[in-house]
Structure formats: C-alpha cells, structure tokens
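Going line by line, the protein sequences match chains A and B. Quick note on my numbering: the first sequence kicks off at 1 and runs consecutively. Quick note on my numbering: the second sequence kicks off at 1 and runs consecutively.
Do not take every clue at face value.
Calculated lysine-lysine pairs in the DSBU-like style (CA-CA distance at most 35 Å, straight line) [unchecked claim]:
#1 A:3 with B:135
#2 A:148 with B:222
#3 B:125 with B:135
Read the hints as simulated data drawn from the structure, not as lab findings.
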Amino acid sequence: MNKLREYCTYLLGFLALFGSWHLLTYLMPSILFPGPAAVVSKAFSLLQDGSLLENLSISLMRIFAGFILGAAIGIPLGLIMGNFRFMKRLLEPTTEFLRFIPSVAMITLAVIWFGIGEASKIFLIAYTTIFIVIISTAAAVLSIHTDKIRAAEILGANRKQIFFFVSLPAAMAGILTGLRVAMGNSFTTIVAAEMVAADSGLGTMLWQGRLFMLIDQIFVSLLALGLVGFAVDRLFRVGIIRFGGKYSAVA
Amino acid sequence: MNNKSSTSFVSVSKAFYSINGSLHEAVRDFNLDIGENEFFCLLGPTGCGKTTVLNMLAGFESPTSGYINFAGTNVTGKDSKRAVIFQSQDSLYPWLTVSENVEFGLRMKGMPKAQRRQQAAEFLKLVGLSDHEGKYPLELSGGMKQRVQIARVLANNPRMLLMDEPFAALDAQTRTLMQQELRHIWFRDRLSVLFITHDIDEALMLASRIGVMRAGPASSIKGFVEVRLGEERSRTTSDYAEHYQEVHNMIREEVMRSHQ
C-alpha cells in the first residue's frame with residue numbers, strides 16, 4: 001500500500017512537470033519552444049527510424065564502460081588512502097591536482113590521444129568518476145568510529161579480518177553515495193564529449209539539432225537525458241538498498 | 001601474582017600531547033591491584049584520567065612509564081581475555097543483526113555457523129534479548145544495545161570486563177535495571193570487572209570495592225572504600241547512607257578542584 005502511494009506520488013510529480021511545461025508553451029507560443037505533445041510525437045518518429053534508440057544505447061554503453069572502469073580504479077585507491085596515512089599523503093597531491101581539472105577540459109587531450117571513437121569517451125567517463133569515488137571512499141573509511149575497530153580487535157579479529165568484516169562494510173554506504181554522485185557527473189561528461197567530438201550518441205543528436213535548427217530534436221535529446229538519468233538513479237537506489245539494506249544512506 | 005585474572009598497575013604514568021601541542025600528564029605514579037573475581041569501580045571527577053587507565057589495561061594505549069600486569073604477564077596489547085564494553089553504541093555493527101553482532105568474535109575464530117548461532121542464542125537469552133535476535137541495532141533502544149554489547153563480549157569467554165561508563169547515556173530506570181542485570185551476570189560468571197563511573201550511587205550499587213581518583217592532571221588514586229552492602233543492595237538502608245557519605249566526603253574536594 002505504501003509502495004503504491006509512493007508510485008502514485010511520483011506519477012503525480014511527472015504529470016505536474018509536463019502539465020506546467022504544456023501550460024507555459026500554451027501561454028507563450030513560440031516556434032523556439034515546442035510543447036510536450038510536439039516533442040513526444042517527434043520522439044516517436046525518431047524511435048521509428050531507430051536513431052533515438054541507437055544514439056541512446058551508444059551513450060549508455062560509453063557511460064557504463066567508463067563508470068565501471070573508474071569505480072574499479074577509484075574504490076581500491078580510496079580504501080588504500082583511507083587506511084594508510086602515508087599513502088594518503090603520497091597520493092593526495094596527484095588526486096587533488098587532477099580533481100580540479102574538469103573532464104570537459106580533458107576532451108581535447110582525450111581526442112588527440114584516443115581519437116573520436118569509443119576509447120576517448122570511456123577515458124573521460126572513467127576520469128570524471130575516479131576522483132569523486134576516491135574522495136568519498138577515503139572519507140567513508142576515515143569516518144569509521146574508532147570503537148568499531150577497537151571492538152573488533154578486542155573480539156580477536158586480525159588486521160585482514162578487520163578490513164573485510166568491519167572497515168569495508170562500515171564504509172559501504174559512503175562508497176555507494178560517491179558512486180551515485182559520480183553517475184550524475186558521467187551524464188554531464190558524455191554529453192559534452194559527444195557534442196564536441198563524436199559522430200553518434202545523445203550529445204551528437206543534440207548538437208546536430210542545433211546545426212540544422214531542429215528544435216524538436218533538441219528537446220527529444222533533453223527529454224531522453226532527463227528520463228534515462230532518472231531511471232538510472234532509481235536503479236542505483238534499488239541497488240544501494242538491496243546491497244546496503246538497513247544501513248543505506250538513501251532509504 | 002599468578003592468579004588467572006588479577007591485575008596490577010605498578011607506578012604507571014601516562015602523558016600525551018594534546019591537540020594544541022602541549023604535554024598533558026593524565027596519570028602519574030598510578031598504583032592499583034584488582035583481585036581475581038573482584039568488581040572494582042573507579043570513581044572520579046570528569047577529566048581525571050579514568051578512561052586513560054581503562055584504555056591502558058585494554059591495550060589501546062601504552063603507559064609512558066611503569067607497567068601493567070594481568071594474570072601473571074605484562075600487558076603489551078589488546079587481548080580478548082580483557083573485554084571492553086564501550087559507552088558509545090557506535091561500537092556495534094549496524095549492518096549485522098543482533099545475533100550476528102554477538103557471533104562476531106566466534107566467527108573471527110572460524111567457528112561454524114550453526115554452532116556460533118546456538119552460542120549467541122544462549123548469551124542473548126542471558127541478557128534478555130531472545131526475541132530480538134533477527135533485528136538490527138538501529139531498531140533497538142539504548143539499553144538493549146548495551147545488552148548486545150555485553151552478550152557480544154561474554155560469548156567470547158573473557159576473564160575480565162572493562163566497562164567505561166556503559167550506562168551513562170541511558171535513562172534512570174533503564175540504568176537501574178542494567179545495574180541489577182550486570183550484578184547477576186557477575187554473580188553467575190565471577191569475572192573480574194573494572195567499571196568506570198562518576199556516579200557514587202552507581203558505584204555503590206555495583207562494586208565490591210571503590211577506588212576514588214584525584215582530580216587531574218597527573219592523577220592517581222586517593223583512597224579505597226570497601227563496599228559491605230551485601231548481595232541484594234538497597235538505597236534505603238542506613239548502611240547505604242553511611243557508605244554514600246564516606247565516598248562523598250572523599251570525592252567532594254576532588255570535584256571542586258576539577259572545576260577550578
């Protein structure tokens with residue numbers, strides 16, 4: 001019953017969003033601002049010729065590959081930096097330096113190094129994911145209450161056991177929250193990269209809409225980004241709750 | 001001094017650097033013997049170094065000079081024979097159920113799941129939490145969480161309990177109840193206990209002997225009070241009032257000094 005009410009509220013929220021959009025275009029009719037009906041019908045025609053799904057799946061595959069790669073590098077590094085003060089000091093100049101060079105600024109370099117194909121996109125997504133994940137993972141490890149570790153020591157756990165049975169689960173909520181934030185940034189990065197240097201993907205679709213003054217197509221791209229982002233974040237939440245259960249940060 | 005769980009602090013001093021960089025001496029020339037099976041309460045004003053004493057015996061910190069002997073050997077680090085009950089309930093693992101928390105030490109030793117579940121159930125019964133095995137710590141009240149802590153260390157078969165104001169964060173009624181239960185457990189298992197508190201009443205309800213500490217810094221023990229109030233203790237007897245007065249007289253001056 002509670003679940004049903006939750007879904008109904010979400011549905012109502014979406015209806016309100018599209019309703020206000022429709023109302024706005026009705027009050028201020030302009031060729032530069034199509035209403036939801038026009039955009040949805042354009043979306044159907046782009047679905048029928050297959051181009052929407054193709055661009056969407058290309059973008060998602062890039063995000064997926066880069067995100068997994070970034071997490072696979074970022075989580076272990078964050079754990080190491082959170083557990084060993086020496087490693088934190090040693091690596092922090094690098095991570096804090098690179099963190100302030102946004103992935104968007106790296107697009108040029110990525111294209112020169114890896115070309116305009118998949119490799120440069122995956123590199124950029126991984127790049128934008130790594131630093132957020134490192135910081136949130138290291139912070140999660142550092143914020144574990146001393147008594148949790150001491151209790152384990154008193155109960156006879158060795159260093160390895162403390163890492164796997166105490167530190168890692170205690171940091172999990174923080175790690176997952178970092179991944180969730182990184183996923184948002186991955187969307188920003190992929191659109192920017194595809195607008196500047198790609199021949200496929202949602203960003204490219206958006207950019208072509210601008211070049212050929214296809215206002216409807218621009219709006220379809222934006223709509224797709226918003227909806228897919230929302231869906232991916234929902235999946236993430238389900239994953240966090242499934243994995244983290246009672247101690248998850250999003251419940 | 002070869003008793004199974006007797007403890008001696010011999011001329012122990014502990015100094016450490018505080019956050020502002022100045023050297024702080026918590027205890028100086030601290031001497032204390034705790035007997036086998038004794039329930040010893042260390043009583044003192046806030047900031048007198050009680051916790052430092054406990055942390056050194058637990059093995060979390062080491063003395064700057066002097067040494068601590070436990071059951072015939074010098075304390076050099078942590079040991080599951082000296083179990084700690086923390087004041088903060090943050091020492092429980094919120095991602096594990098109540099039963100899994102209690103099983104933690106047994107799991108680390110590699111005991112099979114069925115066996116450790118059965119043992120955990122026994123100790124949860126002892127602390128009155130049989131109906132809550134499958135719950136998570138976040139679903140429990142403060143008193144229940146402290147019971148989980150007690151069951152968790154008892155399952156690990158310790159010889160001594162080190163308790164750092166474990167009931168300080170509980171409401172008055174729950175605290176009284178927990179004190180009674182702790183007495184029962186102590187009667188049952190006859191473990192040595194070092195219990196830290198700043199509450200005279202709590203010390204009188206629990207201890208066989210009370211040690212009063214001087215106000216810090218560079219604190220040590222001012223004197224001892226033997227508690228002769230029998231097994232079932234009551235706050236309404238004249239004996240209780242006399243004991244209270246005796247301890248109060250001893251600690252009053254130290255409390256005043258700690259506020260200067």
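Hints, one by one, checked against the model:
| no. | hint | in the structure |
| --- | --- | --- |
| 1 | A:3 with B:135 | holds (22 Å) |
| 2 | A:148 with B:222 | holds (33 Å) |
| 3 | B:125 with B:135 | holds (15 Å) |
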